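Participant: Could you put together the complete structure from these sequences and hints?
Note that the numbering used here gives residue 517 to position 482 of the sequence shown, counting from 1, and the numbers run on in steps of one.
Keep in mind that the hints are not guaranteed to be accurate.
Mimicking DSS-like on lysine-lysine, the simulated pairs with C-alpha atoms at most 30 Å apart in a straight line are [unchecked claim]: (1) 215 to 170; (2) 136 to 536; (3) 736 to 299; (4) 299 to 718; (5) 486 to 348; (6) 586 to 390; (7) 718 to 67; (8) 659 to 299; (9) 650 to 741; (10) 424 to 338; (11) 91 to 299; (12) 544 to 506; (13) 638 to 659; (14) 91 to 286.
Per label pair, the in silico range of CB-to-CB distance [stated by the list, open to error]: (15) 473 to 289: 34 to 40 Å; (16) 273 to 517: 55 to 61 Å; (17) 180 to 570: 29 to 35 Å.
Keep in mind that the hints were calculated from the coordinates and are not lab data.
Keep in mind the model is a prediction, meaning the values are calculated, not measured.
We put the CB at the ideal spot given by N, CA and C, even for glycine.
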Amino acid sequence: MRKSAFLTTVMLSFAILSVKADEGMWLPFKLKENTINQMKQQGFKLEAEDIYSPDKPSFNDAVVGLGREGRPFSHFCTGGLISNKGLFVTNHHCGYGYIQKHSTLQNDYLTEGFWAYSLQEELVNTGLTASILRKMEDVTTSVLAGINDNLSANQRDSVLRANIEEIEKKAVAGNHYWAKVSPFYNGSEYYLSVYEIFNDVRLVGAPPSAIGKFGGDTDNWVWPRHTGDFALFRIYASPDNKPAAYSPENKPYVPDRFFEINGKGVSENDFTFVMGYPGTTQQYLPSAAITFQKDIENPIRIKLREMRIETMKYFMEHDRAVRIQYSSKVAGLANAWKKWIGEIQGLNRFDVVEKKKELEAQFVQFAITNPEYKNILNEYEDIYAQLSKISPYREYYNEGAYQIELIRFVHALRELAKIDPNDINREEYKQVVRNFYKDYYLPIDKTLFSKLLAQFENHVPDEYQPDYYKKLNKQFKGDLNKLGTWLFENSLYADTSRLIKLIDEFNIKGQKIVKNDPAYLLYEGLQNIYENILTPQFRVLESRIPPLNRKYLEGLRQMQVNKSFYPDANSTFRVAFGQVRGYSPADAVEYNWHTTLCGIMEKDNPNIYDYDVPKKLKELYQSKDFGNYTDGDGNVAVCFAATNHTTGGNSGSPILDAEGRLVGINFDRAWDGVMSDLYYNPKICRNIGLDIRYIMFIMDKFAGAKNLMEELTITH
36 MRKSAFLTTV MLSFAILSVK ADEGMWLPFK LKENTINQMK QQGFKLEAED
86 IYSPDKPSFN DAVVGLGREG RPFSHFCTGG LISNKGLFVT NHHCGYGYIQ
136 KHSTLQNDYL TEGFWAYSLQ EELVNTGLTA SILRKMEDVT TSVLAGINDN
186 LSANQRDSVL RANIEEIEKK AVAGNHYWAK VSPFYNGSEY YLSVYEIFND
236 VRLVGAPPSA IGKFGGDTDN WVWPRHTGDF ALFRIYASPD NKPAAYSPEN
286 KPYVPDRFFE INGKGVSEND FTFVMGYPGT TQQYLPSAAI TFQKDIENPI
336 RIKLREMRIE TMKYFMEHDR AVRIQYSSKV AGLANAWKKW IGEIQGLNRF
386 DVVEKKKELE AQFVQFAITN PEYKNILNEY EDIYAQLSKI SPYREYYNEG
436 AYQIELIRFV HALRELAKID PNDINREEYK QVVRNFYKDY YLPIDKTLFS
486 KLLAQFENHV PDEYQPDYYK KLNKQFKGDL NKLGTWLFEN SLYADTSRLI
536 KLIDEFNIKG QKIVKNDPAY LLYEGLQNIY ENILTPQFRV LESRIPPLNR
586 KYLEGLRQMQ VNKSFYPDAN STFRVAFGQV RGYSPADAVE YNWHTTLCGI
636 MEKDNPNIYD YDVPKKLKEL YQSKDFGNYT DGDGNVAVCF AATNHTTGGN
686 SGSPILDAEG RLVGINFDRA WDGVMSDLYY NPKICRNIGL DIRYIMFIMD
736 KFAGAKNLME ELTITH
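Facilitator: Below you can see the structure in the form of structure tokens.
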């Protein structure tokens with residue numbers, strides 16, 4: 036009787052927990068196995084080989100992963116190629132930092148926008164890389180060769196590293212490609228990705244922030260949305276069309292494939308799919324881990340980031356130059372800050388911890404006849420109970436004391452205290468100083484110094500506070516404002532001219548000055564505690580988690596044999612699919628599936644920076660000069676919501692119709708379902724896309740960029 040009840044419960048769980056049609060971030064080279072049939076059932080009209088093929092041009096050749104020099108595989112955004120001259124479209128917020136770096140008071144591209152009306156006007160972006168996936172394959176057997184249960188964790192890692200290094204080396208032998216082996220299913224499987232990586236990427240066009248960032252932080256993560264969140268870049272290559280460092284001799288890249296554009300856009304219930312590089316999801320965490328993130332870590336992060344955002348915004352509102360300096364910083368801070376708030380609300384609203392515990396109760400029963408999984412959940416509980424005790428201290432370091440910009444600056448120049456004065460590269464160090472001060476406003480940092488250290492002092496026990504800080508605090512009788520004033524006045528790191536002079540004349544005496552600088556001594560004290568006391572405690576506990584995660588997911592896959600498990604996102608190439616659809620966020624509330632230019636005009640408020648609609652856009656609206664970019668009701672479509680499963684890194688991902696034509700670019704998720712990184716609910720989780728018609732409307736009618744419009748291939 037008990038066995039029958041257990042089987043009934045498990046079978047019921049299969050029905051409830053099986054992956055919904057719109058859930059999942061699927062691997063392109065495995066689409067043939069079962070995903071392609073699900074896509075076709077929803078309306079997809081092509082074949083798996085059209086999406087991905089290592090042997091012929093396919094859509095993967097038209098998708099760009101954006102990375103940074105030195106970290107090209109950590110794709111922070113995605114883009115889609117839209118011409119045979121290397122032109123690609125991504126999000127305005129993906130290019131925001133680069134637009135900001137090019138901006139000055141004289142050429143304020145953040146406020147005014149930027150458009151290159153010829154190739155010669157396009158702007159170089161140092162450090163930006165563009166990756167194109169050429170091949171992906173399963174290398175699990177080769178990676179796990181020599182792995183057995185008798186190996187210690189360190190021995191296992193050593194064998195894995197050696198195997199992976201050999202596979203990656205072999206994959207790029209005799210060619211100019213880059214290779215990366217990544218773990219999937221918590222390290223149970225390993226897949227190789229081979230990329231062609233370009234590092235001459237130039238800014239081509241960006242609307243003013245009043246369009247590209249319309250609604251600002253208020254509208255971020257929110258639906259309905261009216262943001263024209265796009266920017267245009269171009270890949271350049273050597274004369275033989277291969278990746279090359281920047282050179283005036285480089286030519287626009289000729290891609291193997293680029294996306295045609297569906298000039299009619301999308302309609303409600305249309306099939307769509309998204310291709311790109313989603314960053315991180317954690318769909319298979321136990322309840323203890325969810326509780327830890329929701330109740331311990333995130334609330335502290337939210338509080339400290341809110342403090343920083345409010346302080347920066349106060350100064351930005353009173354000084355246009357400071358607004359340019361700090362716009363990108365605030366945008367980065369606010370994005371995660373607001374996401375964490377929504378994530379907590381979603382996890383609570385849908386009672387995710389209890390749902391996880393229901394699954395775990397089934398797992399306990401499953402483990403009775405599969406004893407190798409017996410103690411997993413108890414061990415999770417023990418680890419997270421211990422982490423919960425010391426995690427707050429780490430957060431008050433990482434999101435508190437370490438976020439004082441002067442301390443971060445000292446960290447960037449920390450080698451000055453150790454390097455042989457005869458070996459110093461003076462120009463390199465001076466460039467670090469110039470880069471820092473270009474976007475630094477001392478009054479903001481000085482204000483945050485006292486605020487963040489007050490939080491640090493109040494929440495971090497005495498034994499985790501550096502002696503130098505306690506000494507200064509005592510000296511100034513707990514007055515952090517006075518302490519901060521003294522430190523900023525006496526530290527050479529807060530004085531550009533002194534610091535540059537010291538680097539120019541760097542010698543043993545200069546090194547002694549560095550070692551005795553108050554900002555350096557504070558940094559060194561913080562580092563000693565963090566690296567020698569806090570970090571070892573964390574490493575001991577956290578080292579126990581990966582093997583548990585691997586074993587737990589292995590057990591879940593055996594227990595739920597009827598469930599299609601997709602691997603968590605890890606910045607590798609994925610495909611998600613769904614339908615254009617609105618949703619109901621609450622009782623008696625219904626959200627439409629799309630927004631229009633009319634909604635932008637309704638939000639117009641010249642007194643609020645984020646809602647001050649540009650004069651020319653108003654004129655276009657009033658004259659109804661919409662060109663061929665209208666929806667069925669004669670208005671310009673702006674954004675649309677769909678059920679594609681996306682996350683960070685999917686920003687800028689091309690959204691394609693059933694025939695593989697570009698209908699928009701992904702840029703956000705709806706607030707009500709932002710917990711989708713941890714728990715996906717198809718009724719409420721929505722990705723938000725920017726309609727391709729609005730992109731073309733801005734390019735054509737607003738910017739007059741006829742040169743760029745001529746590059747596009749538009750079908751109707």
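Participant: Hints first: check each against the structure and report whether it holds.
Facilitator: Here is how each hint holds up against the structure:
With a C-alpha separation of about 11 Å, the suggested pairing of residue 215 with residue 170 holds against the 30 Å cut-off. Distance restraint check for residue 136 and residue 536: the Cα-Cα separation of roughly 25 Å lies within the 30 Å cut-off, and the hinted pair is therefore satisfied. Of the supplied pair hints, the one linking residue 736 and residue 299 holds, its CA atoms being roughly 17 Å apart against a limit of 30 Å. Only pairs whose Cα atoms come within 30 Å are accepted, and residue 299 paired with residue 718 is accepted, the gap being roughly 27 Å.
For the hint linking residue 486 to residue 348, the alpha-carbon distance of about 15 Å falls within 30 Å, and the restraint holds. Among the hinted pairs, residue 586 with residue 390 is consistent with the structure: their alpha-carbon atoms are about 20 Å apart, no more than 30 Å. With a C-alpha separation of about 27 Å, the suggested pair residue 718 and residue 67 falls inside the 30 Å cut-off, and the hint holds. This hinted pair checks out: residue 659 and residue 299 have alpha carbons roughly 18 Å apart, not beyond 30 Å.
Among the hinted pairs, residue 650 with residue 741 is consistent with the structure: their alpha-carbon atoms are about 21 Å apart, no more than 30 Å. Between residue 424 and residue 338, the direct Cα distance comes to roughly 18 Å. Compliance with the 30 Å bound is thereby established for this hinted pair. As the CA atoms of residue 91 and residue 299 are separated by approximately 28 Å, the hinted pair is consistent with the 30 Å bound. A C-alpha spacing of about 25 Å is found between residue 544 and residue 506, which places the hinted pair at or below 30 Å, so the restraint holds.
Between residue 638 and residue 659 the alpha-carbon distance is near 18 Å, which keeps this suggested pair within the 30 Å criterion. In summary, the hint linking residue 91 to residue 286 is supported, as the alpha carbons are separated by about 24 Å, within the 30 Å threshold. As the Cβ distance of residue 473 to residue 289 is approximately 35 Å, the hint placing it in 34 to 40 Å holds. Checked against the hint of 55 to 61 Å, the C-beta distance between residue 273 and residue 517 comes to roughly 58 Å, which is consistent with it.
In this structure the supplied range 29 to 35 Å holds for residue 180 paired with residue 570, their Cβ-Cβ distance being about 32 Å.
Comparing the model with each earlier hint shows no violations; every hint is respected.
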